[in-house]
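Whenever a hint applies, use it, and build me the whole structure from the sequences.
In this text, residue positions in the sequence shown follow the UniProt record's numbering: the first is 1, and each later residue adds one.
FYI, nobody ran anything at the bench for these hints, they're computed from the structure.
Any given hint could turn out to be false.
Ranges of calculated distance between the beta carbons of each label pair, as one might list FRET restraints [as the list claims (entries may be wrong)]: (1) Arg128 / Asp33: 29 to 35 Å; (2) Ser64 / Asp199: 19 to 25 Å; (3) Asp199 / Gly131: 30 to 36 Å; (4) Gly8 / Pro204: 32 to 38 Å; (5) Asp252 / Arg94: 46 to 52 Å; (6) Ala259 / Leu291: 18 to 24 Å; (7) Arg115 / Pro67: 25 to 31 Å; (8) Thr129 / Leu35: 19 to 25 Å; (9) Ala248 / Glu32: 47 to 53 Å; (10) Asp181 / Thr129: 27 to 33 Å; (11) Arg130 / Ser264: 47 to 53 Å; (12) Glu15 / Asp201: 26 to 32 Å; (13) Glu224 / Ala248: 16 to 22 Å.
This one's a predicted model, so the numbers in the text were calculated from it and none came from an experiment.
Idealized CB from N, CA, C, for every residue including glycine.
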Amino acid sequence: MTAPDDTGDIRQVAEDALAWVDTRRAGFSLGEDALAVDGEVDSSWKPLGELAQVCATVAHHTASFDPLHARARALLDFAWRETDGGELLRRLQRLEPFATYPLEVYAALASAGFRHPAFEEAAGVVARTRGWRLTEQDPTRRLGVLRAEERCGIHRPGQAPHMLTRTWLGGRSEPWTFERDAGYALTHVVFHLTDWGRDADGLPPDLVTYLADWLPPWLDTCLEAGMWDLSGELLAVAAIVARRTGDAVPRDAWRTIRAARRPSGEVPLEDRGPAPAGPGDAVPDDGRYFLHHYHSTLMAAFAAVLTSARPAGPPAGTGARHRHGGQGAPA
Numbered sequence: 001m002t003a004p005d006d007t008g009d010i011r012q013v014a015e016d017a018l019a020w021v022d023t024r025r026a027g028f029s030l031g032e033d034a035l036a037v038d039g040e041v042d043s044s045w046k047p048l049g050e051l052a053q054v055c056a057t058v059a060h061h062t063a064s065f066d067p068l069h070a071r072a073r074a075l076l077d078f079a080w081r082e083t084d085g086g087e088l089l090r091r092l093q094r095l096e097p098f099a100t101y102p103l104e105v106y107a108a109l110a111s112a113g114f115r116h117p118a119f120e121e122a123a124g125v126v127a128r129t130r131g132w133r134l135t136e137q138d139p140t141r142r143l144g145v146l147r148a149e150e151r152c153g154i155h156r157p158g159q160a161p162h163m164l165t166r167t168w169l170g171g172r173s174e175p176w177t178f179e180r181d182a183g184y185a186l187t188h189v190v191f192h193l194t195d196w197g198r199d200a201d202g203l204p205p206d207l208v209t210y211l212a213d214w215l216p217p218w219l220d221t222c223l224e225a226g227m228w229d230l231s232g233e234l235l236a237v238a239a240i241v242a243r244r245t246g247d248a249v250p251r252d253a254w255r256t257i258r259a260a261r262r263p264s265g266e267v268p269l270e271d272r273g274p275a276p277a278g279p280g281d282a283v284p285d286d287g288r289y290f291l292h293h294y295h296s297t298l299m300a301a302f303a304a305v306l307t308s309a310r311p312a313g314p315p316a317g318t319g320a321r322h323r324h325g326g327q328g329a330p331a
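Structural data, given as structure tokens:
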């Protein structure tokens, strides 16, 4: 059960993180090369899509009168304006019809209620081609694309379970094989299955049990290694699993994340990289600082909202479960 003081402290992580993100809107803006064939997707569309995805979940889990909800909605409005109300996504889809990232960015915004019918119509046409269906992707990515398709009204019955069994998590891999790439893969499988934390029941019971047993040592290992970004994603998964099991919030893990924050509330990707020397020092403004902090800060806000919004006690008929002991897996 979450103690009231813990809930307040975790909630503050989300507030501070989104406040920092709000002051760094320029870093999420699309540049003039947004439609360029050789544009840097990872530094333009990717951050904007991640901003939209996290803020959509924050808005979903907070009341309309909540200041955190208002900030998340304002950031979503900003993201939608950056796409020119979806028109840039439609143009991008026409330029690169078999690229998946326009669909994935659009799906994040559509989950918050933003729609562009012409984009959805065009995406539906491409999705009916063999070239789209047979694009070779790893199973975790394919699962994400399937979920993005559903946001656009494209449904492929029976495909998601097939993809799930081919993922590292869906196959319930040996816990000792956990490492960085497996960690990011498993968190995204959970996010896709649960609609980014909106529907914890989307996680199959066998995976709930598997994660409840092995997530604690994996999280401890990542925290010990100073992998704050992956730790934030794992904390989000822990919050989703806890909705099903009623397990307690990992308080020590959250204390570690709070201690890792910079003075303005942002969280670095890992325990090294650019940082101001002290609270009064200027933050580097060469783009490196933003790229080294924006995603981990978004994940901290995402995990904090999922954790503080979850039920305070275990579901009816459940109780404390025995946990495996042992050492954490190598990261």
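When the hints from earlier in the document are held up against this structure, which numbers fail?
When the structure is compared with the hints, none of them turns out to be violated.
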